[in-house]
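Novice: Sequence:
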Amino acid sequence: MLSATLVAMRIGLAGVGRIGAFHADTLSGLPGVSQVVVTDQDARLAQQVAADKGLEVQPGVDALLASGVDALVIATATPGHAPLLRQGLAAGVPTFCEKPVAATLGETIELAHLAAGSEVPVHIGFQRRFDIGYRNAKAAIESGELGFIHSIRAATHDQSPPHASYIPTSGGIFRDCNVHDFDIIRYVTGREVASVYATGANKGAAFFREAGDVDSAAAILTLDDDTLVLVSSTRYNGGGHDVRLEIHGEQGAVAVGLDDSLAFRSAETGVDFPKGPQKWSFMERFLPAYRAELSAFLEVAAGRTPSPCTVDDALQAFRVAEACERSRAERRPVDLTEIKGA
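Numbered according to the working numbering, the sequence shown spans residues 1 to 342.
Source of the hints: derived by calculation from the structure; they are not laboratory data. Watch out, some of these pointers could steer you wrong.
What the hints assert, rightly or not - Computed spacing ranges between beta-carbons, pair by pair:
no., residue 1, residue 2, range
1, Arg-10, Ala-43, 19 to 27 angstroms
2, Pro-161, Ala-8, 34 to 42 angstroms
3, Glu-119, Ala-205, 39 to 47 angstroms
4, Gly-341, Gln-47, 39 to 47 angstroms
5, Ala-205, Ala-329, 29 to 37 angstroms
6, Ala-206, Asp-42, 23 to 31 angstroms
7, Asn-136, Asp-224, 17 to 25 angstroms
8, Glu-250, Glu-119, 38 to 46 angstroms
9, Glu-338, Ala-43, 41 to 49 angstroms
No residue lacks a Cβ here, since even glycine has one placed at the ideal position from N, Cα and C.
Could you build all of it, start to finish, from the sequences and the hints given here?
Specialist: See the structure below:
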């Protein structure tokens, strides 16, 4: 682990596609980062991003780690996450990994065991934990000001679908999209999901159905304290990128994402809320959270704070996604005890 007195870090970044290039910009602007060193399976893309942003480039992860980086950020496509996380742990380098940790439940369990048995810190990229709205909602629950919580509504509605090539390796809408909702529900409430009942549908492009996926989904979760949670997702939300969490309690209610960028228009006469402008992507919606998340990772890498989102946290969210996918496929409620967790 790094010394707490370390000031300037060399950060290795594996993967410079959409989210990777975004992270490169964020990392380059953070105090405490002396250099960002990038690599990608597409060597020409890595060279181009490095040249555009004034970064160092290495021909592969082996070379990147050998160049003497203080921490590793994994932002490749999903199939690269598990092997690169293993590589970071083996090298003893503090590692940040975008979700999901792995494409399957079994491999996620394996990596949770591996990380738990290592002293190398691992921080998983669930950026909503660093969004001020979600943090305020968590504080409202913890303070007791809402009384007991009886129901929650969580929405993740993309403005437009990803490229067709992304879907076959995404893991499906519950594992790829709603897994953020499942993680933040655990984080905000401090409770675990006990059972799920999920469904999905396709009204858009054929490539979702061809990959065995759906373009819109919904699930009812029951938490271990009997709180009911309604979760929805879609790849087609023409009004804008819509990510919200509503928490309804005995003595009050709060909402995350309820501001002038809300991706709705009112059907009531004389109402001019929301005023806009809307947000059109998750990167725009969560820009401050991404910055806060990577700043927190630098603290983890320097040994000053423990990981705020562990591989086990990622495993628990993945288990909920797995249960939802099983429920959708089998058209029945699924208890979380049916989903392997250790």
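Novice: Broken hints, numbered, in rising order?
Specialist: 5
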